[in-house]
Structures are given as structure tokens and as C-alpha cells.
Amino acid sequence: MMLRVLILSLSLFTGFVQATVLQRPVTLTTDNGELFGSLLLPKSDNPVPVVLILSGSGPTDRDGNNPDGGRNDSLKRLAWVLAKHNVASVRFDKRGVAASLAATPDERNLSVEAYVADAVAWGQKLKADPRFGPLILLGHSEGALIASLAAPKVDAAAVISLSGTARPIDQVLRRQLARSLPPPLMLRSNELLDSLKAGHTDDNVPAPLQVIFRPSVQPYLISLFRQDPAAAFAQLKMPALIVQGSNDIQVQVDDAKLLKVAKPDAELALIEGMNHVLRIVPNDVKRQLASYKDPNLPLAAELGTRVLEFIDGLRTR
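According to mature numbering (1 follows the signal peptide of the UniProt record, and there is no 0), the sequence shown holds residues -19 to -1, 1 to 298 in order.
No lab work stands behind these hints: they were computed from the structure. The C-beta atom is built at its ideal place from N, Cα and C for all residues, glycine as well. Wrong hints could be hidden among the right ones.
Under the rule of at most 27 Å between Cα atoms (straight-line distance), these lysine-lysine pairs were calculated in the BS3-like manner [said to hold, decoys possible]: (1) 267 x 65; (2) 238 x 106; (3) 178 x 241; (4) 178 x 106; (5) 57 x 24; (6) 57 x 267; (7) 178 x 57.
FRET-style restraints, in silico, Cβ to Cβ [what the hints assert, rightly or not]: (8) 15 x 277: 41 to 49 Å; (9) 183 x 51: 28 to 36 Å; (10) 246 x 112: 28 to 36 Å; (11) 6 x 181: 38 to 46 Å; (12) 109 x 297: 37 to 45 Å.
Sequences are here, hints too, so could you generate the full structure?
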């Protein structure tokens, strides 16, 4: 495996060179407020590929950090890997999150449709900028679904699904909660999931379940549970890359394989030992959870090589 990563790394330098990188704040004005992000732009005399990075679920910010889960800087570090190999990127705080909180301060007004519209607007902004070449949408975790839904609307050159589920999110939640909840709470959790899946809110939420099913987040969950990630991925006409780690405790390798079935011409990269925050971590719960709060852990080396190899290959398609 290490030899393969080394060969991939060396091969990248035929298409990419170490670049001087400009880091700039960037904003997007919407009808409901301003969204704030970060641009990494390699200095170049010619347009460079640009990756719009879409973060995961909940209050996850542009860097991949979540106040409930900890700081790991996964998306920030990935953006720098791209930039140093002559690929620009924009990552941004979703509406209602971090610097973009004021755009939608009440989470009752959040929806998948709004996130998709924002991704499309960012994509249009980047496509209109002469500094950029092909636009690639890269979504991590729940962001992979947003990328799949937004890409056709903005005519993206490619899509990268990074740790993205293939199954509807209510099914994913059922599996995750079944591992940790006692039977009475699991029963109530399933009732809430059934209600939300049917499009109905339910304010009778036990205290231990408030973090997931609090009434204020239920409208968003209803919009999320309407989506079928595999079906959205299957509709993509542009090249796509599926990246999944074998030691991800949130999304399974089977999800990546199901996405591949949904879109057989997509490339599939299964990275041995990589977890949900893109680090090589053993399948040990304590070490897994610790990695979510350690920004100093290096990213999985193969992640960068596979993503850059895919982007480089777009030139010859």
C-alpha cells in the first residue's frame, strides 16, 4: 500500500507542481444574507481547476470542525493539499453556521434545498471568474449529498463524494442509534424517525434525544429525509469519484459500493485505515473519537493522491 501511495504521489507531479498560494476571504451575497468563506488560489498564468468544498452535517464549519464533535481541520488541510498542487478551492460556512450564522439564525428555516441553492450560487460565482478552469464539487459526509444535488444545476465538470452515504439519512440514523440507545429510547427514536419521514413534526422528544430530534431541527430533518443519496448520485452525467475510508465509524464501505452501483462509471477509491475525519486511525473507539479533536494528525496520504489524480485526469476526458 505504501509503495502504491508513493507511486501515485510521484505521478502527480507530471500534472501538478508545487505552487505559491494566495489565501483570501471570499463572500457570497444571497437574498437571505451573506455567506463567508475562504479561497486558496495558487499563483498561475493560466486558469486552474477549482474545487468547491461542501462540509458535513449540523454546525460543521468550512474547515470541517464542529462544536459538538471537536476541531480537526480536515477540510482546511485538504484544501491546502489541493492548493500546493495547483488546484484552487473555496470552502465556506453554511448559512446558520459560524461566520454565516446571520444568514439563517433560526435553524427552523434551514433546508436541504437552501443548502443546494447556496452551493449552486457559489458554483456560478466561481465559473464566472476567469482565474478558474473546471469546477469540481467535493462534498464530505452530508455535503456529498448536497454536491450530488447541486452539480447538475451548475453544470459542474465533476463531483467527488467523500465519506458520503448512499442510503437515506433516516436509515443511517437508525443504524447508528441502535448501537447506543437502550430499547425504550430506541423505540421512541424510531417513532420520531417514522413521523419525520412522513413529513410530520413531533414535539414529544425525551431529553436524551433532544440533541438529534429537538423540535427546532425537525423541519430540516424532514427536508433531509426526503432525499435519496444513491438516486441523486445515479443522475450525475459528469465524471465522479467516490472516496471512502475502511475505518469510518459513521459511513460504511458498503455505502461507497452502493454509490458505485448507482453510477457504474464513477471511480471508487477505498482507502485502508482512513476514518471519517480523513485520518489513518485504528478501529478503536477511544482513538477514533480522539482523532476528531486533533488537528495535528496528518491526513491520509492516499486521499490527496487519489483526489489529485482524478482532477488531473479530467484534462484528458
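Evaluated hints:
Distance hint between residue 267 and residue 65 is unfulfilled; the C-alpha atoms sit about 32 Å from each other, more than 27 Å. At most 27 Å may separate the alpha-carbon atoms for a hinted pair to count; residue 238 and residue 106 exceed this at roughly 33 Å. Using a Cα cut-off of 27 Å, the hinted pair residue 178 and residue 241 holds, with the two alpha carbons roughly 26 Å apart. Pair hint residue 178 plus residue 106 does not hold up; C-alpha atoms about 34 Å apart against a cutoff of 27 Å.
Distance restraint check for residue 57 and residue 24: the Cα-Cα separation of roughly 19 Å lies within the 27 Å cut-off, and the hinted pair is therefore satisfied. Of the supplied pair hints, the one linking residue 57 and residue 267 holds, its CA atoms being roughly 24 Å apart against a limit of 27 Å. Distance check on the hinted pair: residue 178 and residue 57 sit about 34 Å apart at the alpha-carbon level, beyond 27 Å; violated. Restraint check, residue 15 to residue 277: a C-beta distance of roughly 32 Å breaks the suggested window 41 to 49 Å.
Range check, residue 183 to residue 51: about 30 Å between beta-carbon atoms, so the 28 to 36 Å window is met. At roughly 30 Å, the beta-carbon separation of residue 246 and residue 112 lies within the given 28 to 36 Å, and the hint holds. Remark: the range hint 38 to 46 Å for residue 6 to residue 181 is upheld by a beta-carbon distance near 41 Å. Evaluation of the 37 to 45 Å hint for residue 109 and residue 297 yields a failure: the beta carbon distance comes to about 25 Å.
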